[in-house]
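Okay, here's what each chain looks like letter by letter:
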Amino acid sequence: MDDRWNLMQDQPFSRLNARERAFAICNPDSFIELLCPRRKLTSPHLPPMGQTPQFDDGIVVGLGKAGKAPVVVVSQESRFVGGGVGEVHGTKMVMAIRLALRGQEILKSQYRSSEDSGQVALVISFDTGGVRLQEANAGLLAHSEVMDAFQAARGKVPIIGVIGGTVGCFGGMGFVASSVDVLIMSDVGRLGLTGPGVIEEVVGTEEFDAANRALVWRTTGGRHRFITRDADFIVEDTMKAFREKVSEVASWPLEKISSKRIIGTGDMVLEQMRLVELAANDKIQDSWDLWRQFGNEDIEHLWDSDVSEFAAHAQRWPRGRIGDCD
Amino acid sequence: MESMAARRTEWTLRKNEFLKRLCEAQQFVSEPGSKIVDPLDCVSLLEAVIQSGDRVALEGNNQKQADFLADCLCNVDAKRVNNLHMVQSVIALPSHCEVFERGIARLADFSYSSPQSARVAQMVSEGKMKIGEIHTYLELFGRYFVDLTPDVALVAAISADRAGNLYTGPNTEDTPTIVEATKFRQGIVVAQVEKIVDKLPRVDIPGEWVDFLVPVGRPCYTEPLFTRDPALITDVHVLMAMMVIKGIYGEYGVRSLNHGIGFGTCAIELLLPTYAESLGLKGKICSHWTVNPHPSLIPAIECGFVESVHSFGSEVGMEDYMASRPDVFFIGPDGNMRSNRAMCQVAGHYAVDAFVGSTLQVDRYGNSSAAVAGRIAGFGGAPNMGCDPPGRRHSTPSWLRAGRESAMTRGLIGPVERGRKLVIQMVETFGAGRVQSFVHRLDAWTLMEEAGFAIPPIMMYGDAITHLVTEEGIAHLLRCDSLKQREAAIKAVAGYTDLGREADPKETLELRRQGIVQTPEDLGIDIGDASTSHLAAHSIRELVEWSGGLYRPPDRFREW
Amino acid sequence: MALERLEFEYTGVPEEKRDGWDYLHVGHVMSGDLEILVERLPAQANVSRIRITTSAVGFGSVWQMVIDEFMATRKVCGCEIWINDDGATPAVVKLRLSQLAREMSVK
Chain A
-12 MDDRWNLMQD
-2 QPFSRLNARE
8 RAFAICNPDS
18 FIELLCPRRK
28 LTSPHLPPMG
38 QTPQFDDGIV
48 VGLGKAGKAP
58 VVVVSQESRF
68 VGGGVGEVHG
78 TKMVMAIRLA
88 LRGQEILKSQ
98 YRSSEDSGQV
108 ALVISFDTGG
118 VRLQEANAGL
128 LAHSEVMDAF
138 QAARGKVPII
148 GVIGGTVGCF
158 GGMGFVASSV
168 DVLIMSDVGR
178 LGLTGPGVIE
188 EVVGTEEFDA
198 ANRALVWRTT
208 GGRHRFITRD
218 ADFIVEDTMK
228 AFREKVSEVA
238 SWPLEKISSK
248 RIIGTGDMVL
258 EQMRLVELAA
268 NDKIQDSWDL
278 WRQFGNEDIE
288 HLWDSDVSEF
298 AAHAQRWPRG
308 RIGDCD
Chain B
80 MESMAARRTE
90 WTLRKNEFLK
100 RLCEAQQFVS
110 EPGSKIVDPL
120 DCVSLLEAVI
130 QSGDRVALEG
140 NNQKQADFLA
150 DCLCNVDAKR
160 VNNLHMVQSV
170 IALPSHCEVF
180 ERGIARLADF
190 SYSSPQSARV
200 AQMVSEGKMK
210 IGEIHTYLEL
220 FGRYFVDLTP
230 DVALVAAISA
240 DRAGNLYTGP
250 NTEDTPTIVE
260 ATKFRQGIVV
270 AQVEKIVDKL
280 PRVDIPGEWV
290 DFLVPVGRPC
300 YTEPLFTRDP
310 ALITDVHVLM
320 AMMVIKGIYG
330 EYGVRSLNHG
340 IGFGTCAIEL
350 LLPTYAESLG
360 LKGKICSHWT
370 VNPHPSLIPA
380 IECGFVESVH
390 SFGSEVGMED
400 YMASRPDVFF
410 IGPDGNMRSN
420 RAMCQVAGHY
430 AVDAFVGSTL
440 QVDRYGNSSA
450 AVAGRIAGFG
460 GAPNMGCDPP
470 GRRHSTPSWL
480 RAGRESAMTR
490 GLIGPVERGR
500 KLVIQMVETF
510 GAGRVQSFVH
520 RLDAWTLMEE
530 AGFAIPPIMM
540 YGDAITHLVT
550 EEGIAHLLRC
560 DSLKQREAAI
570 KAVAGYTDLG
580 READPKETLE
590 LRRQGIVQTP
600 EDLGIDIGDA
610 STSHLAAHSI
620 RELVEWSGGL
630 YRPPDRFREW
Chain C
9 MALERLEFEY
19 TGVPEEKRDG
29 WDYLHVGHVM
39 SGDLEILVER
49 LPAQANVSRI
59 RITTSAVGFG
69 SVWQMVIDEF
79 MATRKVCGCE
89 IWINDDGATP
99 AVVKLRLSQL
109 AREMSVK
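Protein chains in written order, with the working numbering: chain A, -12 to 313; chain B, 80 to 639; chain C, 9 to 115.
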């Protein structure tokens, strides 16, 4: 088992599937899957529409340890219907968040301090286009339930988001990913609301060419999200890099993790609006204009540099929260 | 006294005609004696140098496109200039069709039209385009020097100097052939360039052969046609690639070769540093290539598998990498690679041990075709790569062994020995949407009827194929001693298709015993082991890493 | 639009020694691919059942042949094999089954 775990650590996170990611983001031999494929908890909505269901409904949930912290892990599988969120998929996610919350309560009641027990953290690996079109109502409902569960977890269970899959995180799940405490992305990962293809369809190819992958990535990818501080960390596209960062963050005190959130209060909304205002300026035609605005000079070099060099040299949006521990 | 034919007295009719046009067009050059024409005057220039009924070579290559000149040709006054006869390698751009839609051109002789295949078929059926013939590249180039010599050539280069010397750089492709055919029969050559410079890196086309330069201010359009994202290779591709490496390359000792652009061949390239290496085949196979600079070759090059690569064209993003590997690629004194389609086609036809391609359909005789009803796609270079050239006289170990094994060709030439090029087709028994690849009747027959061709457009004739590789196994067709046995071997690897279900299990077993058919098991390959995890690179990004950052993929392939 | 469900049953000789696995799972439901889940049947160890759900309708006879061949060569017994298929070609089906067989023998 350890061999498999070791092999995965050096592999690109983006190439691994949801189950491998969940398994390898935890300590060796610590991950236990809940509602595994054998339970055959499949979508009732897909078969009547001629879509073959998948036994895990495109999502892996389970328990493990990340460093010292017990974690509940949620990992979306983009190979199945693009990681789309349907009823079962959404419910598994919601129940996992509630499980984390319940686990935290139990730990708190049985141990005097979190130093004795560690604290339960929730880790979500997003790889989704958002609502699954075949079951849109259930999918939408699931989104709101997830947000609701996030709200219930505030100040109790730290939520760490991870985006490094080939689909990234779009649609309603883009909102969800923005609501986590700490967001870790690789430069393969993308975060956005409306998907590139839809934008092109609505505004035209001249305005946004979705086939221009470089354009798509520099507008929605991890490097840009790191600069605009939508993502707290950018890591290399390896399983190991994600695992180490998750373990590190999960060991922080709850207050420190919570302080990383970018939405949730009126002030935070105003702060976010400042960025929107900046980006809506006529002079900003491309994400790179924004990078320049924040004081980045040799953009092409920055764009091609490896992730550690990028993270060390990129000038980020001077958000109000700048200066705190990053 | 017998009557004699009257003696011809005029010997400079073409020269006079073109001189007249050149004089006429002098009004559009920037200053007397200059060859430079303002892009805004380009349509008028074309109206002056092209006359109705002319044969025009519009540079449409596999990759590089004289796109600005094509747009200008679409905008000439069709009342003044019409009934043109277009001769070009590839009908690639919408503007190449537009010239016909607008009634400026009527007749086309070409080689390949896959990017516009549906529109070409439609224009033919509507009578807007008449097809002379569809050729292979070499045939078409040959006819440029016989009966299809262009009157006017519209070509593309990177830059020019004031004397008209052109730098065509890595994507030189078809330009030398087109210009030579045109100019040495007194025709007119117009070149679009990005800019005019004082000193060119090197001269690819001598200035005397170029009449007009149009500095467009931007590079010509170039299609990255040979970039395959390794992420799209499947386990089945890997299985078939393993069979080719172990069962054919290793077996025959294939040193020199050409690859098509399918994912199967891409998988082979990416298995060389891993799987082929593990079989101890490094230095024994795949050292000399006539192939475009596939980015997927980078790991094999970096691992020392590859000694040389000559190319038909270049590949967008590979320029710096090639320039940094001058021992491998064909690099000019200026430090940049130069491709040449005609030369590379000759090399791939005569000078290699093997060709590997993929196809859409195969019939019971092994004839294969990528033709689809309602689409006219042409041939490109595949038929020349994928055949045994009867004119070949030099020998290599692979060629000799294949010749000795060719059971059906022996005997016609007495006790004389002769070799054979390996022509390998890779095809999955079922294509996308579970469409059968093995068929009783090729779609090429339907297309022939629709388009009024004399013969069905067969990409590779069955007698040229030495090996058919499917996920079921390898059919060593060259080892068959009768057409009946060939059919049985083809059926044996046709899997669960209708044709494959006709296979007689007893006969298949006998063919396996004789080594005419080999399954993965016969080759010692565990199907369950066939996985993309064996590939040396799994993404474009890993190819960039292999190249040490020298390969710069086009924007459409950068997913990070 | 609807999915097709196919079921095949095979009787064989129960294995003397059981490998160390309880259930195995490979693949994904994606266009041209499939997932396979195999579980032990404890009670009737001389029977194997294959249950296929597929979006490609009308390929029952091809499935029958592919599965027949697999069962004949791999001698799988006492298992229930569940397949969720989204239009995989026979090549992909055979390959995934072989990968599964490999997992079976490794574990």
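If you are wondering where the hints come from, they were derived from the structure by calculation, not from laboratory data. Keep in mind that a hint or two might mislead.
Distance condition first, Cα-Cα at most 27 Å in a straight line; then the derived BS3-like pairs of lysine-lysine [to be verified]:
id, chain 1, residue 1, chain 2, residue 2
1, B, Lys262, B, Lys278
2, B, Lys585, C, Lys83
3, B, Lys262, B, Lys274
4, B, Lys99, B, Lys262
5, C, Lys83, A, Lys95
We went through each hint and held it up to the structure:
no., hint, result
1, Lys262(B) x Lys278(B), "holds, 24 Å"
2, Lys585(B) x Lys83(C), "holds, 22 Å"
3, Lys262(B) x Lys274(B), "holds, 22 Å"
4, Lys99(B) x Lys262(B), "holds, 15 Å"
5, Lys83(C) x Lys95(A), "violated, 53 Å"
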